[in-house]
Amino acid sequence: MAFAPSSTPGDTATATVDVHLPDTARDLVKILVAGPFGVGKTTLIGSVSEIRPLHTEEPISEASAPLDDLAGVRDKATTTVAVDFGRISLPGGVVLYLFGTPGQERFRALWDDIAYGALGALVLVDSRRIDASFDVLGLVEESGLPYAVAFNAFPDAPRHHTEAQLRAALDLEAGTPMVTCDARDADSSVDALLALVQHLIDRQTPENRGPVTG
Amino acid sequence: MTGRRGGRPLVPAYLSTGGVARPSRPQLERLSVLRSTGAPAPTGLPAAQLALLDALDDGSLTVVEAAALLRLPVSAVRVLAGELIDRDLAASRAPIPTADRFDPDLLKRVADGLRALKHPR
Chain A
1 MAFAPSSTPG DTATATVDVH LPDTARDLVK ILVAGPFGVG KTTLIGSVSE
51 IRPLHTEEPI SEASAPLDDL AGVRDKATTT VAVDFGRISL PGGVVLYLFG
101 TPGQERFRAL WDDIAYGALG ALVLVDSRRI DASFDVLGLV EESGLPYAVA
151 FNAFPDAPRH HTEAQLRAAL DLEAGTPMVT CDARDADSSV DALLALVQHL
201 IDRQTPENRG PVTG
Chain B
1 MTGRRGGRPL VPAYLSTGGV ARPSRPQLER LSVLRSTGAP APTGLPAAQL
51 ALLDALDDGS LTVVEAAALL RLPVSAVRVL AGELIDRDLA ASRAPIPTAD
101 RFDPDLLKRV ADGLRALKHP R
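Protein sequences appear in the order of chains A and B.
Residue numbering for the first sequence is 1 to 214, as defined by full-length UniProt numbering.
Residue numbering for the second sequence is 1 to 121, as defined by full-length UniProt numbering.
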């Protein structure tokens, strides 16, 4: 059985979508949209993507098998996970790809492959279950990717937490941006992405750099 | 693509590459851009390679987009693309041209572009 938790199984219409790159495409960059299952990664990607989000089925390496929690399924040869992605063509020949990246530790090999060359990660957190995001934050930090945290505003999410409490719960560094967004809303999702990109720009400015060597 | 009920492809991924697991071009990234060179496909080209070449007929695709269209894992498309490149049927380029790789304004262009999405003129 295929393990495709974050997309629609049996979706056969993707082949009819024209996903060929515009001729103006020059610089292809990517941002990871990371978070646990059900946090709204695909929703956010779908709100801002110019193509309907596509997905690839990725085999999970055998090294993860002992950690695989498909209870009772022993000697299972292959597991796959669906990785969703979307695309936004920006003026100036830049094409931004958003990759929905599952955050479990057992997806580490896949994670490393997707994270290669990424600008940074937007970590989506569900404030009703903050602890579900600990794994993904660990992976992001170990990979060295700069990131921002966005709380996806579910209607029944608790609102009594202060920003300081949330930061403490996630053990965030002071400089890590933390925003609230509605993944269903395009402008709100763009704002969350902008918070991340602005953070990346701020890191790049000379006063935030270490001493120049060489 | 011909699909089985349940959405699984007819040909399993490990058969699509003829059993080859490693691409001849390890530097192909998810966002490497593939295009057809326009050279005629030789007869007897394996079906999976032909399918990838067909997908490039209408324009360039990234490795990951080709994988989504062909419903193959990215790892399989890397192998297929490597073989097409070895046969001079396809060409690839890096996601960011070398000249732009250390462009400090790239992030600013991304930010400006995102802002423009929010306030279309």
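Don't read these hints as lab results, they were simulated from the structure.
The structure displayed is predicted, hence computed values, not measured ones.
Cβ atoms here follow ideal geometry from the backbone N, Cα and C, with glycine treated the same way.
It cannot be assumed that every hint is accurate.
Said to hold, decoys possible - Over the 10 Å line for every Cβ pair with chain B, so calculated as not near, a few chain A residues:
#1 90
#2 144
#3 190
As the list claims (entries may be wrong) - Below, in silico cross-link-like pairs of lysine to aspartate or glutamate (DMTMM-like), each with a Cα-Cα straight-line distance of 20 Å or less:
#4 B:118 with A:187
#5 B:118 with A:131
#6 B:108 with A:185
#7 B:108 with A:202
#8 B:118 with A:141
#9 B:118 with A:156
#10 B:108 with A:191
#11 B:118 with A:50
Stated by the list, open to error - Facing chain A, a subset of chain B residues (Cβ under 10 Å, in silico):
#12 20
#13 22
#14 37
#15 41
#16 42
#17 60
#18 64
#19 74
#20 77
#21 87
#22 91
#23 92
#24 113
Do the hints match the structure? See the list:
no. : hint             : in the structure
1   : 90               : 3 Å, violated
2   : 144              : 17 Å, holds
3   : 190              : 5 Å, violated
4   : B:118 with A:187 : 6 Å, holds
5   : B:118 with A:131 : 32 Å, violated
6   : B:108 with A:185 : 23 Å, violated
7   : B:108 with A:202 : 10 Å, holds
8   : B:118 with A:141 : 30 Å, violated
9   : B:118 with A:156 : 27 Å, violated
10  : B:108 with A:191 : 15 Å, holds
11  : B:118 with A:50  : 13 Å, holds
12  : 20               : 15 Å, violated
13  : 22               : 14 Å, violated
14  : 37               : 16 Å, violated
15  : 41               : 19 Å, violated
16  : 42               : 24 Å, violated
17  : 60               : 4 Å, holds
18  : 64               : 6 Å, holds
19  : 74               : 6 Å, holds
20  : 77               : 9 Å, holds
21  : 87               : 22 Å, violated
22  : 91               : 14 Å, violated
23  : 92               : 12 Å, violated
24  : 113              : 3 Å, holds
Comparing the model with each numbered hint stated earlier shows that hints 1, 3, 5, 6, 8, 9, 12, 13, 14, 15, 16, 21, 22 and 23 do not hold.
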